[in-house]
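Asker: The listed protein sequences derive, respectively, from chains A and B. If you're matching positions, the first sequence starts at 1 in my numbering and goes up one per residue. If you're matching positions, the second sequence starts at 1 in my numbering and goes up one per residue.
Hints were generated in silico from the structure; no laboratory data involved. These figures come from a predicted structure and were not determined experimentally.
Note that identical chains are pooled: a pair holds if it fits in a single copy or bridges any two copies.
Cross-link-like lysine-lysine pairs, in silico, DSS-like; alpha carbons within 25 Å at most: (1) Lys331 to Lys233; (2) Lys173 to Lys285; (3) Lys173 to Lys32.
2 protein chains.
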Amino acid sequence: AEILSSQYGINLFLAGLLLTFAWAVHAVGISKSHLLSYLITLMLVQLLWMLWYLCRSCTQRRLIRDKDTHAGARWLKCGITLFAVITLILDSFKIGYYVDFSNCLSPTEGIFPVTHAAHTILQVYFLWCHAKDIIQSFKTLERFGVIHSVFTNLLLWTNGVLTESKHQLNEHKERLITLGFGNITIVLDDHAPQCNCTTTTLCSIFSQGIYYLYPFNIEYHILASTMLYVLWKNIGRKVEHHQQYKTPFKFHGITVGMIFGLIVLTSTIAIVVVYLIQIGRSKIKSELALTMFYLHAIFVLVLMCTAGVIALLIYRLDDRSLDNSKNPARKLDAELLVGTAAGSWLLSWGSILAIICAQAHPKYTWYNLPYSILVIIEKYIQNLFIIESIHREQEKVNDDIKTLRIVTVSQGSTLTLTPSYKEIYNGHAAQDAGELPCLFRGSICARERVVSSGDNEGTSQGDGSGIHFASEFSLCSRSSVADNKRRILKNIAAFLFLCNLSLWIPPAFGCRPEYDNGLEEIVFGFEPWIIVVNLAMPFSIFYRMHSAASLFEVNCKT
Amino acid sequence: AEILSSQYGINLFLAGLLLTFAWAVHAVGISKSHLLSYLITLMLVQLLWMLWYLCRSCTQRRLIRDKDTHAGARWLKCGITLFAVITLILDSFKIGYYVDFSNCLSPTEGIFPVTHAAHTILQVYFLWCHAKDIIQSFKTLERFGVIHSVFTNLLLWTNGVLTESKHQLNEHKERLITLGFGNITIVLDDHAPQCNCTTTTLCSIFSQGIYYLYPFNIEYHILASTMLYVLWKNIGRKVEHHQQYKTPFKFHGITVGMIFGLIVLTSTIAIVVVYLIQIGRSKIKSELALTMFYLHAIFVLVLMCTAGVIALLIYRLDDRSLDNSKNPARKLDAELLVGTAAGSWLLSWGSILAIICAQAHPKYTWYNLPYSILVIIEKYIQNLFIIESIHREQEKVNDDIKTLRIVTVSQGSTLTLTPSYKEIYNGHAAQDAGELPCLFRGSICARERVVSSGDNEGTSQGDGSGIHFASEFSLCSRSSVADNKRRILKNIAAFLFLCNLSLWIPPAFGCRPEYDNGLEEIVFGFEPWIIVVNLAMPFSIFYRMHSAASLFEVNCKT
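Pulled out of the complex, with its shape left as it was, chain A reads as follows (with noise of 0.2 Å):
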């Protein structure tokens, strides 16, 4: 039955594809308003299902059903909940778009809004609700179900994605123009409806916003695929019933990264701003530009990567076994972050080799080339980073139960011995303890001594403290430097996430410098290389966000 759903799903897929690349290429015969219909069919389709499927649940309430504990983490609920929202705004402005400009749209152009912004809503009520959920009834239905739910996320990223790529086509040309490159042959695509504009100002209001509103949307489409995918490799899994530790996200102790973090997140979005203003205008203030952002990306990316080596060196530094147990999600996670780094190693190669081929070299261009090999590094590093600490178990507990035991068995040890030296201890133990090189100890390392000074009370001696406060100092220092690991990579953790949100800030909002610095265009040919990019590029820019998505988790993991 899984080969069966995947195979309706993919079909599904295909067919959209084909549609979606066919309006793409401006085939005969087939417009935007066939595609958007098989879209809108599509979730209605969805919609029915989802309705049908809460309607069974809420029925059938009392039936205690599995719940995977790793699919649909609270925070992932979050982040689909707020691109939902923006998306739903973006719906707002298309309907509006299309009030404004009703008289020569087709209908379907306004009815697909509507249906966007109901099939959203509902969505994301579903994946509240259902995102843990194993389904093991009605297995074949709720495979058809959710594949179809999944591809139509799919579906609609891709349009997504294909309007985005023309838009940010559409400027490139619009500042090829005005550089002067008229010998290209420029044609603008899907630009702006042929009629005017009932209400000026709110139409441009809407045209343009719409365009800074797209790259969540796309975010939202994807999100809701993955965590559906998980849905359906859930259905009809047995799962063990795994000890879930709630670990919420604290601030407290991230410090240095957050700071480290924002500061080259707000200069990211600071160099954004400039470049976008400065693009295009003319040839100099483009090549500022494009040499101001890739020192910026070079900085980010060397401080990306020396972080993430030092957290592979404290990995390499405390073998601990691994987990492998069968977990969809976590799986899919490392498999998105590998093939969608796949997007963006393409981009760098492609770089590396225009370099390398050209025959003229500007002088910006050679910044290219450090940029685009440490891209290919960057990912590398923080891809083994990542998945080694999502497959790492959470053995915290366990440890410091562990050596708990150590303790009392070392006490054990000691206590037919001399029972008079109890004072003497006890100041030994009050005086040492503000001794002991335990400055970093967390709350662990205090409870512990707390633990075993409360059993020491009446049994402890003196002849055995010697033994017991080495057994106790080791332990401190042993825990106090595992805390001070886990700190320094927290602090890693939280600030790759803040970097991976500021790189994800560019690509998505139309910093282009593949398109803008020229070089790859001369080498491989316009179009060639536009294609290449486009097929590229939405996989890039997803990789950011997925891996930000992951090193949250981690950050709250560790």
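Model the placement of chain B on the given structure of chain A, informed by the hints.
Answerer: Chain B only, in chain A's frame:
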């Protein structure tokens, strides 16, 4: 380490892919010799690694190594050897071609086939000896070596596919010139070197021959890379030792399927020959050839669908638990089937869309619609059949033991009754044996009868004989039904195997109705459609070969 090496492999592959792409789009400053040097380097690295591995495994032969019995089946090895031999012929042709044109070709074009030949020989030897290995030592280095080999083969595959596609495209363009479509700007691509040949007849043989041998070269590389991938997945795996039943391939019992399959095979070859002669001669001849091709394909596909549905119905009739244990070779098989089928589904959806949206419909294009729909359905059904087959447990032996036990239990319960009816019982047994409807009973049924009769010789009783007969009766008829089912399944698998081989031939040797029927080109435009076909076609071709291989396995196992 798995992630570390896979990321290395992906980057290796992406760099090569971009070089290939750059060559394909005639990028400035990147020539074929750059690409070939890159490939030669990769092959040499792989050669060194394989030599090191072979040496090491020779010196450490005393170590008993685990073997994955599912990986590297013998027929797979035979298949790859066959393809490798043809690849060696191809290499020798290429060397001859280079010698003839040596004054105007770069030396890399001569070095490449020599390296490739050495690489092929050593790799086949390596796969024969070590395809089943489960490597447990030097894991990191081995992982890098194996993944390097995987992606080297994939790159060689890409290179082969691209050369083949260019050749097909050139032929198509030549046909268009003959048919008088001069309005499309037609540039023949990498068609012939710029200098004259030293010995003209040999040259034409070489350059013609190369293109007939390419399909085998392509299959060789993809097969090698799948086998190496399984080897890579197996590194460090812990296997439970399954008893592997040797299942040699037997011809007897599958005559019906073989006969039908051979009819399809011969007719397909005939059709391909006629098609290649007729197409592009004139408009009428082309249309006739297309009609003939479509009708034949529709007929074959309907037969295949029917066979597949029957097989699936048989599976539905007896519910048997599926074997869901972890197994990289099998998992890869299933994923490859669905993944590569997506390539041809994409093409089919393109055709369907084109037919629906086209303005003018010449008569022969209508045959394209059922053809495309049938291609989708046929692959859907066939994938279900193959994947279900390879996941079924080999329970026959267990089944037999179980039923035998039932028989002995039923005999045991009647042991205490009157012992004087022995002669009567034996008479009855001889008489009834002739009347039992076990007309189709196979060796199992007969063997069980012997065993149970032997048991009865000394102990069976007259009163129990009624019950005994009843159980034996149902046993025989049940096992004969199972035997019938198995025979039908074997025949279907054999038939589908030959059909898939047949359907591999037309696209591999240049029957491309997707080009020749012209409808899609009109709707999507010439360039976009050619891009789609060139991307999807290699997967479609590989699908046929891969499904044929899987069906062969199914046939052996059933």
